[in-house]
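Protein chains: 2
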Amino acid sequence: MPASSSAHETLSSTEGTLYLIPTPLGKDPTNRVLPDDVIKTIHQLDTFFVERIRQAVSFLKWIGHPTPDFKCNFLELNKHTPGEDLIEMLNILKRGKSAGILSEAGCPAIADPGSGLVKLAHQSNIRVVPLTGPSSILLALMASGLNGQSFSFHGYLPKPGKSRSEKIKSLYLSSKKNASTQIFMETPYRNNDVFSELLELLPDSTPLCVASNLTLPEETIQTRSVEKWKKTKINLDEKPSIFLFLANEPDLPVSKNKKARPSKRTGRR
Amino acid sequence: MPASSSAHETLSSTEGTLYLIPTPLGKDPTNRVLPDDVIKTIHQLDTFFVERIRQAVSFLKWIGHPTPDFKCNFLELNKHTPGEDLIEMLNILKRGKSAGILSEAGCPAIADPGSGLVKLAHQSNIRVVPLTGPSSILLALMASGLNGQSFSFHGYLPKPGKSRSEKIKSLYLSSKKNASTQIFMETPYRNNDVFSELLELLPDSTPLCVASNLTLPEETIQTRSVEKWKKTKINLDEKPSIFLFLANEPDLPVSKNKKARPSKRTGRR
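For the record, the sequence lines run as chains E and D.
The opening position of the first sequence corresponds to residue 1 in the working numbering, with each subsequent residue numbered one higher.
The opening position of the second sequence corresponds to residue 1 in the working numbering, with each subsequent residue numbered one higher.
Keep in mind that the hints were calculated from the coordinates and are not lab data.
Accuracy of the hints is not assured; some may be wrong.
Identical copies carry no separate label here, and so any pair may be met within one copy or between two of them.
What the hints assert, rightly or not - Dumping the calculated SDA-like pairs for lysine to any residue here, alpha-carbon to alpha-carbon at most 20 Å:
| no. | residue 1 | residue 2 |
| --- | --- | --- |
| 1 | Lys162 | Asn178 |
| 2 | Lys231 | Gln123 |
| 3 | Lys176 | Glu249 |
| 4 | Lys167 | Lys177 |
| 5 | Lys231 | Ile63 |
| 6 | Lys177 | Ser150 |
| 7 | Lys61 | Asp37 |
| 8 | Lys94 | Pro66 |
| 9 | Lys61 | Lys79 |
| 10 | Lys79 | Gln149 |
| 11 | Lys40 | Thr30 |
Extracted from the complex, chain E is given alone in its bound form (with noise of 0.2 Å):
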């Protein structure tokens, strides 16, 4: 912790460590997630707060994690987990044990359980540490060439019927007046059903990014309009899916815009 800041000077190195650990967003064969000094980082604890125990066992086991299983302690935390539960998990940190979260695919607290526990960390002045690891959020946003500077997450739809729709018309709106990429999620099961809904409700020229199983052998990403995916047959049922489009595409510079630039063929220093 830096000299400078006094935010920092409450801080208890008798406290424990909060983690927020990502995990793959699939079936990975091998490791294109995890960074080694992340999964060392891991290695290191045994005390997790996670979304489903078997998912936490499982993702242990494949990063290699030196203590069995049985000798770690596992507590659930998941919509369900009521308030004292949290105080609970609080004061183990209290205690000076680190911990960390896990969700069962992604990063915790983002789209997922998580940040009601951090929050109460932060008002304890626990060190919370947020370790690196994909977002199929982010992943899927990168890869789109929609906005990226200016965007908003919408979690999951509502139950398909007229708030859908109505959620759906409110996003496109808000697209157009803000030039922001708009991103969300379905259930696997209703992914075929969303997507024709966004077909008919978005104006043809739209452009629309459906990403599918990211980080996975059978990734895919492609960025359409609207007008050109009436065209193509694609099946997502079932698939992890995000969908993202942008209704007013900021302009893209163009060579009048030229500036002087320097050399741009050369590696040389």
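Here the structure of chain E is known, so what remains is to put chain D in place on it, guided by the hints.
Leaving out everything else, chain D in the frame of chain E:
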């Protein structure tokens, strides 16, 4: 590519792949940010579209790239790059050469150049593959304890003055309406200035997160109410930082919502 989807049938194996390569968020002594498999993928490339050549060469040395930099092909890709240079890059891919986009720090095409070329790649049915690495936006959001089910990123705020104040006020209203976390950055030398303005404009109860030097040894991430921040000495000058706030927190589950849960203390399957 899955046989069940015809979306990729137009992809030709004679075309190159466009990789999106994340880079460290600062001078990282160890590698906390890139998976081995990602490094291996980058090692196979010798053509790079880069925000700044010097940083790109330094990054490739850091990951032990086997090809000497003078044998690599670097083309500049930044906000001044004109459309015809993008077409040149696209043609390289079309001729069957794979290439990677590298930004100075973090993920290409997210608050950084690259999306224009990615868009053209999709239009030419060139495969786009995002690689896993650090994103200050996602790391900060994960560790903030703020709402990760709904959030908006706004890039850099307008310059200080009336338009920045109006922007902050409008983000507050939007957060209040949608319970969505608002995320933005400032140029590092204006961090203290925008932080003061946030304390001035946001109501005392608003939780505000400041995340600086993410993934680096001097990383600090803290979420406090505006009221508590007003009593805290903090110097953010020149520290790469990201700011997040939430005007209207979604409710946490409480014990009366308790549902039947499986045993929570065992790791045994």
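Hint check:
With identical chains, the CA atoms of Lys162 and Asn178 are at most 20 Å apart between copies only, with a shortest distance of 19 Å across copies and 24 Å within one. When the C-alpha separation of Lys231 and Gln123 is checked against a cutoff of 20 Å, the pair qualifies only between copies, where the shortest distance is 15 Å, while the shortest distance within a copy is 53 Å. Proximity of Lys176 and Glu249 under a CA criterion of 20 Å is satisfied intra-copy only: 8 Å inside one chain copy versus 26 Å between copies. For the identical chains of this complex, Lys167 and Lys177 are neighbours both inside a copy (15 Å) and across copies (14 Å), given an alpha-carbon limit of 20 Å.
In this assembly of identical chains, Lys231 and Ile63 lie within 20 Å of each other by CA distance neither inside one copy nor across copies; the values are 43 Å within and 43 Å between. With identical chains, the CA atoms of Lys177 and Ser150 are at most 20 Å apart both within one copy (12 Å) and between copies (18 Å). Proximity of Lys61 and Asp37 under a CA criterion of 20 Å is satisfied in both settings, with 17 Å inside one chain copy and 19 Å between copies. Proximity of Lys94 and Pro66 under a CA criterion of 20 Å is satisfied in neither setting, with 25 Å inside one chain copy and 46 Å between copies.
Neither within a single protomer nor between protomers do Lys61 and Lys79 lie at most 20 Å apart by alpha-carbon distance, with minima of 25 Å and 44 Å respectively. When the C-alpha separation of Lys79 and Gln149 is checked against a cutoff of 20 Å, the pair qualifies only between copies, where the shortest distance is 12 Å, while the shortest distance within a copy is 31 Å. Proximity of Lys40 to Thr30 under the C-alpha cut-off of 20 Å is found in both arrangements, the shortest distances being 17 Å within a copy and 12 Å between copies.
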